[in-house]
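A.B. asks: Take a look at the letters that make up each chain.
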Amino acid sequence: MATTVWTRRHVLGLADFTPAEFDTVLQTAASFREVLSTRTKKVPALQGQVVANLFFEPSTRTRSSFELAARRLSADTLNFAAGTSSLTKGETILDTAKTYLAMGADMMVIRHREAGVPHAIAAEMNQLGVRVSILNAGDGQHEHPSQGLLDLFTITSLIDFEYPRLGLLAGKKIAIVGDILHSRVARSNIWSLTSSKAEVHLAGPPTLLPKLLAQIGDSSLPNRNIFLHWELEPALKDADFVMTLRLQKERMTSHLLPSLREYHQHFGITRDRLKLCKPDVKILHPGPVNRGVEVSSDLMDDPEFSLISQQVTSGVAVRMALLYLMGSGKN
Amino acid sequence: MATTVWTRRHVLGLADFTPAEFDTVLQTAASFREVLSTRTKKVPALQGQVVANLFFEPSTRTRSSFELAARRLSADTLNFAAGTSSLTKGETILDTAKTYLAMGADMMVIRHREAGVPHAIAAEMNQLGVRVSILNAGDGQHEHPSQGLLDLFTITSLIDFEYPRLGLLAGKKIAIVGDILHSRVARSNIWSLTSSKAEVHLAGPPTLLPKLLAQIGDSSLPNRNIFLHWELEPALKDADFVMTLRLQKERMTSHLLPSLREYHQHFGITRDRLKLCKPDVKILHPGPVNRGVEVSSDLMDDPEFSLISQQVTSGVAVRMALLYLMGSGKN
Amino acid sequence: MATTVWTRRHVLGLADFTPAEFDTVLQTAASFREVLSTRTKKVPALQGQVVANLFFEPSTRTRSSFELAARRLSADTLNFAAGTSSLTKGETILDTAKTYLAMGADMMVIRHREAGVPHAIAAEMNQLGVRVSILNAGDGQHEHPSQGLLDLFTITSLIDFEYPRLGLLAGKKIAIVGDILHSRVARSNIWSLTSSKAEVHLAGPPTLLPKLLAQIGDSSLPNRNIFLHWELEPALKDADFVMTLRLQKERMTSHLLPSLREYHQHFGITRDRLKLCKPDVKILHPGPVNRGVEVSSDLMDDPEFSLISQQVTSGVAVRMALLYLMGSGKN
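Chains as they are written, first to last, in the UniProt record's numbering: chain A, 1 to 331; chain B, 1 to 331; chain C, 1 to 331.
Keep in mind the hints are simulated off the structure, nothing from the lab. Misleading hints may appear alongside valid ones.
Stated by the list, open to error - Ranges of calculated distance between the beta carbons of each label pair, as one might list FRET restraints:
1. B:113 <-> C:130: 31 to 41 angstroms
2. B:231 <-> C:94: 43 to 53 angstroms
3. C:44 <-> A:16: 38 to 48 angstroms
4. B:131 <-> A:292: 25 to 35 angstroms
5. B:74 <-> A:302: 36 to 46 angstroms
6. A:123 <-> B:37: 49 to 59 angstroms
7. A:16 <-> C:261: 40 to 50 angstroms
8. A:129 <-> C:44: 27 to 37 angstroms
9. C:39 <-> A:298: 47 to 57 angstroms
10. A:35 <-> C:261: 53 to 63 angstroms
11. C:94 <-> A:298: 46 to 56 angstroms
12. B:159 <-> C:94: 23 to 33 angstroms
Stated by the list, open to error - Footprint (simulated), chain B over chain C, 3 or more residues, beta carbon under 8 angstroms:
13. 91-98
14. 196-204
As the list claims (entries may be wrong) - Straight-line alpha carbon distances no greater than 27 angstroms define the calculated DSS-like cross-link-like pairs of lysine-lysine that follow:
15. A:42 <-> B:42
16. C:249 <-> C:197
17. A:249 <-> A:197
18. C:237 <-> C:197
19. A:42 <-> C:278
20. C:42 <-> B:42
Backbone N, C-alpha and C define an ideal beta-carbon position, used for all residues, glycine too.
Make a model of the complete structure from these sequences and hints.
C.D. replies: Right, here's the structure in full:
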């Protein structure tokens, strides 16, 4: 397995991750999964360091996951939540970040509804010549790298629990189904999965497929094993993994989609449709799930098919790995 | 004193608590009260464990009390607050609980405005075969067991500080006054107090008395030393303890009660009315108090009569006891 | 340097601080700045103690600063935020404070939009005869002592990093510019700076200058080296430090000021205006800054002139010093 010395200060997206970097994260996360199975569940790796969670877009589950990851590395955490913040007093986002830097933050986990905000903050920090690390926890419809990595960790761990690695996906077929156009999760997953030798098949309503991809049509993209479908069936055919995406209900009202029921009829994953896939197919969803929309409710709770709760568990180990890799050598 | 080996995974209400279980909680809380009087105030009992506070109904004081209790047992805490949550994104409550389970929560402290939510979550967890513990921190108008236990701890500690126990209440008369119909605090207290040999007298406006009890009228309930009054005076007569309940102002507007002033005139506890009680009578209130409504303002601050601040202090020790008893043996 | 044994239980304002007390805070903060430069960044000074942050007026940055300061002293923190609180249930502020006292709070950091609230709480605590300490984190337009102290620490550290002390300001000219009438930061700074041998010059629109001072006119106040100006230039002339104040935009709408642009034209600090000052002049701002209003945007980011980020950094060390001084001897 090709792991590498970690040199990346910020984790803003998976688009430029090297295979060796993917493997380093996977292997580090596997080590932390072992730590989490011990009695104390903590390591002193980041003692004295401060992780600031700057969530300009609210999210309890992702913030909780990062918070727990940080504490299990013995870091201190500071939480900034939009709404109760001085943003309402007219401060810019960059100034908020600089304030937390000056307070002593060693790492900042940033979520914002606009794409590129974590990048802008990272660029500013680089220019200031400071050693703080920025971790993108979701920026608009752009990327959500820790979600992409935890999905990768979840499926590779299923194949080899001890040594999860990119190479395990060679020859696997992975379907990504749903609102790909608006999904930062899909984007991050496309980058990680196409770095392996897996075949990635995207399926969703034409209105919801990325415009970029739509121009190319139903053909493989150059250099990436990626295929595009406007119907569900060809994507599911013999799939090893089906990644469903959260349907943003607010898109419904803007008439991009007719109704939740109609969406479920065309693109919802059901037991019947699963028969198209490999017999041991597994389903993923980044959560929170709209029950009975993206996945039928009984399937979602069926441990034979659903990896949803493993994804959440993987999240803590993967986020520990990211914070650890970015934070080591800081002291 | 009859203490017992603790076998209860969840604490959802006091209705089925055995006398031995009450005594075990009281005695464990007394031990933690001693810990709280030491310099460090902490014990490593729950090191590595995660207590998730899932407050679907907001409450700063109860959440703070649980949070402090958890930290003093060296547990890590995660806070979920409705409003900033993905519930607004359509996730079900059960899915939220399962997410925190998958993240690694060992215990969940749950408050919800609907009765039965903690029970539904506990049932789901049992069915999943996982070892997580659910603690009801108030469900609708149903139960609030930690409040019932801290009230019990407060009054039994007053009689014997070293060995608080149910048996100390034999022959005591305890009045519960106010909006019993809508009070989960009253319900939990009725279960704990009638497990002792105390006499429990309920008094409140007819509109606010439980319909169940109203059918029975002013007579003792079978097997429980409980008495019902539509007027305050017979309940207060020779009482050792007077438990007042918080008046939900929102009930006023729905015309269940005429006015705050009228409520105070009929059911407010004043110095004058206290003369009906035993000379060393004590007053309790679960807080937050509407000053001058349930209790006259000066009486509330009089340490000779008021146990209100002791109740809050008891809360931390009792919640440490509950978390400890449910959490031990998990590692 | 005259440091002193600390005897002050509460820190409510700087109006009655003695020079020796200022120097004790400055010297203690300098020690903690050293701690913050070590690997672990923590000291066990307040182990077992509880710092309750009661922010009745929301503020993420100040709360985060106090929270980090408390944790680095190994204290536990509890956060109360208005809005999600039982205040909406009608509880008085004093009762909220007494609840946190009863829960075990050793110190309370209090912010409220009404002047005098922390003082009222401190008076109540004194009357109860309890050892809890109250720290004013901003009360209306009255005082914000930790901000005044961190400003003092920032400018004295610039003159002598090892031994910051009041005496270093002798002969220095300090301008305070802006909405002095509504500024608790200005008030606290006036008390600290006029305790030194510095000359303090206030400048702001006539409508925004304190009415008290306006009665006296453009002359020095008796016993305090303080001067009043209705125009910026005489205040800036040969100044060593320029303290700008946050302009409360909500004042704009109440017609106390014509427009942000007009304010900037008359009282905004620009490179051009800075030429009036000493060549090595430094600018301060308590944050959050309205970019381009109080200070021109480029100047704010220029490390040659701006002390804004040092102020934030100083904040953690100064708040550690305050919590430490008030909290020592409590165990």
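A.B. asks: All hints are to be evaluated individually against the structure, with a verdict given for each.
C.D. replies: Here is how each hint holds up against the structure:
A hinted range of 31 to 41 angstroms holds for the C-beta pair residue 113 (chain B) and residue 130 (chain C), which are about 35 angstroms apart. At about 32 angstroms, the CB distance of residue 231 (chain B) to residue 94 (chain C) disagrees with the hint of 43 to 53 angstroms. Remark: the range hint 38 to 48 angstroms for residue 44 (chain C) to residue 16 (chain A) is upheld by a beta-carbon distance near 43 angstroms. Separated by about 29 angstroms at the C-beta atoms, residue 131 (chain B) and residue 292 (chain A) satisfy the suggested range of 25 to 35 angstroms.
The hinted range of 36 to 46 angstroms is satisfied by residue 74 (chain B) and residue 302 (chain A), whose Cβ atoms lie roughly 37 angstroms apart. Checked against the given bound of 49 to 59 angstroms, the beta carbons of residue 123 (chain A) and residue 37 (chain B), roughly 53 angstroms apart, stay inside it. A beta carbon spacing of about 43 angstroms between residue 16 (chain A) and residue 261 (chain C) agrees with the range 40 to 50 angstroms that was offered as a hint. With their beta carbons about 33 angstroms apart, residue 129 (chain A) and residue 44 (chain C) fall inside the hinted range of 27 to 37 angstroms.
For residue 39 (chain C) and residue 298 (chain A), the Cβ-Cβ distance of about 52 angstroms falls inside the hinted range of 47 to 57 angstroms, so the restraint holds. Roughly 56 angstroms separates the CB atoms of residue 35 (chain A) and residue 261 (chain C), a value that falls within the hinted 53 to 63 angstroms. The beta-carbon spacing between residue 94 (chain C) and residue 298 (chain A), approximately 54 angstroms, falls within the hinted interval of 46 to 56 angstroms. Between residue 159 (chain B) and residue 94 (chain C) the beta carbon distance is about 30 angstroms. The supplied range of 23 to 33 angstroms therefore holds.
Judged by the Cβ-Cβ criterion of 8 angstroms, the stretch 91-98 of chain C is covered by chain B as claimed, because 5 of its residues qualify and three suffice. Counting residues of the stretch 196-204 of chain C whose CB lies closer than 8 angstroms to any CB of chain B gives 0, so the stated coverage by that chain is violated, three being the minimum. Straight-line distance between C-alpha atoms of residue 42 (chain A) and residue 42 (chain B) comes to about 18 angstroms, which keeps the hinted pair within the 27 angstroms bound. Using a Cα cut-off of 27 angstroms, the hinted pair residue 249 (chain C) and residue 197 (chain C) is violated, with the two alpha carbons roughly 34 angstroms apart.
Distance check on the hinted pair: residue 249 (chain A) and residue 197 (chain A) sit about 34 angstroms apart at the alpha-carbon level, beyond 27 angstroms; violated. For the hint pairing residue 237 (chain C) with residue 197 (chain C), the CA-to-CA distance comes to about 18 angstroms; that is within 27 angstroms, so the pair holds. Among the hinted pairs, residue 42 (chain A) with residue 278 (chain C) is inconsistent with the structure: their alpha-carbon atoms are about 53 angstroms apart, more than 27 angstroms. Of the supplied pair hints, the one linking residue 42 (chain C) and residue 42 (chain B) holds, its CA atoms being roughly 18 angstroms apart against a limit of 27 angstroms.
In summary, the numbered hints that this structure violates are 2, 14, 16, 17, 19.
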